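Undergrad: Sequence:
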Amino acid sequence: MTGHAARRAVLILSASMGAGHDAAAAELARRLCARGVDAEVADVLDLLPLRLGAALRGGYGWMMRSAPWAYELIYRAFFVPRGGPGGVSPMTALVAVRLLRLLRRRRPDEVVSAFHLAAQAAGHLRARGLLPVPSTVLLTDFAAHRLWLHPGNDRYLCPDPASARAVRAATGRPAHAHAPLVRPEFLEHPAAAPGDGVTRTVLVSAGAWGVGGVERTARILARSGRYAPVVLCGRNDELRRRLARRLGRSATALGWCADMPGLLAGAYALVDNAAGLTCREAMASGVPVVSFLPIPGHGRDGALAMARAGLSVYARDAGELLAALDRIGTPGGRERHAAAAAALFAAAPAESFFTPVVPSGLPGGSAATGPA
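In the working numbering, the protein residues as written are 1 to 372.
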């Protein structure tokens, strides 16, 4: 991919765990290709032998649906920071060996990790001098747990200034905030505020896995008489059928939605439980976000981090949930949410950190790469 070719080449390492990592990787690749960079996305789970990647994905999905307490224990034991970045696990070492083979075949000019296992493997190789090109970590969580962090990586691109400061302090490496990586359709179709005297449509997100206490959330909203819940069940068809059977006409249960921009354009608010991709899409569309009954581990930590940054409201019980939704309809309520989201999207776009730019005042001069 390198050699005599003039185009830069970037290898983006994602993971098919839910939809957020892959969506961010795909959108970054699309933007880089539009700017003349050869961008390729690879699934780091495919680097694990003996179908361990599929087992890891399946095990996580089972825990989130059937034993979330187990994931919470694992997360608190291995993911939460305890004195700095995590060490090299056997799985990291195994991925690193196979990643090295992939890098020798692809020969990129830069590696970007959009999943924590990839960040650990790339940082490990870079620290040992086995990765001769820069290694960037594209952090997809508002709360950076320790497995995202490896001081061998050259820099970190973070979802907001607060996470960038935390990563910089933990790793000693450069960390920059960037605008969320969402498809342009979300920014092009902002949601319109509903009029007075109408039942307001509230989207309830269960993520791509279709997990969490969304049935309880839908019941709370429906019983209020003020909000019409639309539950986004992701790819969990069993959840969609169960909600349709149990909730009847009091709520709408949808499967995987291809037209999220259109759905958000008609929404009053989003009630989310994972602080992931759907939150960023809602913010791009001007839809206020309320976190309620977040999934364990990174979901809860991410929801709290979003609330601390002023990007959402964290509701701890049914009363707080309904009060938060009611405040959105008060004078200035929706505008306050929109202002916080607008500040998030005012940051430098992620692709600008990779593509060559000419410094102002030096037309035709030497190119630099991305913002300082």
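No lab work stands behind these hints, which were simulated from the structure alone.
Here the structure is a predicted model, which means the values were calculated and not measured.
Hints may be right or wrong, so weigh each one.
[What the hints assert, rightly or not] Cβ-Cβ distance ranges computed for the label pairs, FRET-style:
#, residue 1, residue 2, range
1, GLY213, ALA77, 20 to 26 Å
2, PRO132, ARG51, 27 to 33 Å
3, SER89, ARG30, 29 to 35 Å
All C-beta atoms, glycine included, are put in the ideal place defined by N, C-alpha and C.
Undergrad: Does each hint hold? Answer for all of them.
TA: Now for the hints, and whether the structure bears them out:
For GLY213 paired with ALA77, a C-beta distance near 23 Å keeps the hint of 20 to 26 Å intact. For the pair PRO132 and ARG51, the supplied restraint of 27 to 33 Å holds, since their beta-carbon distance comes to about 31 Å. The hinted window of 29 to 35 Å between SER89 and ARG30 holds, with their beta carbons roughly 32 Å apart.
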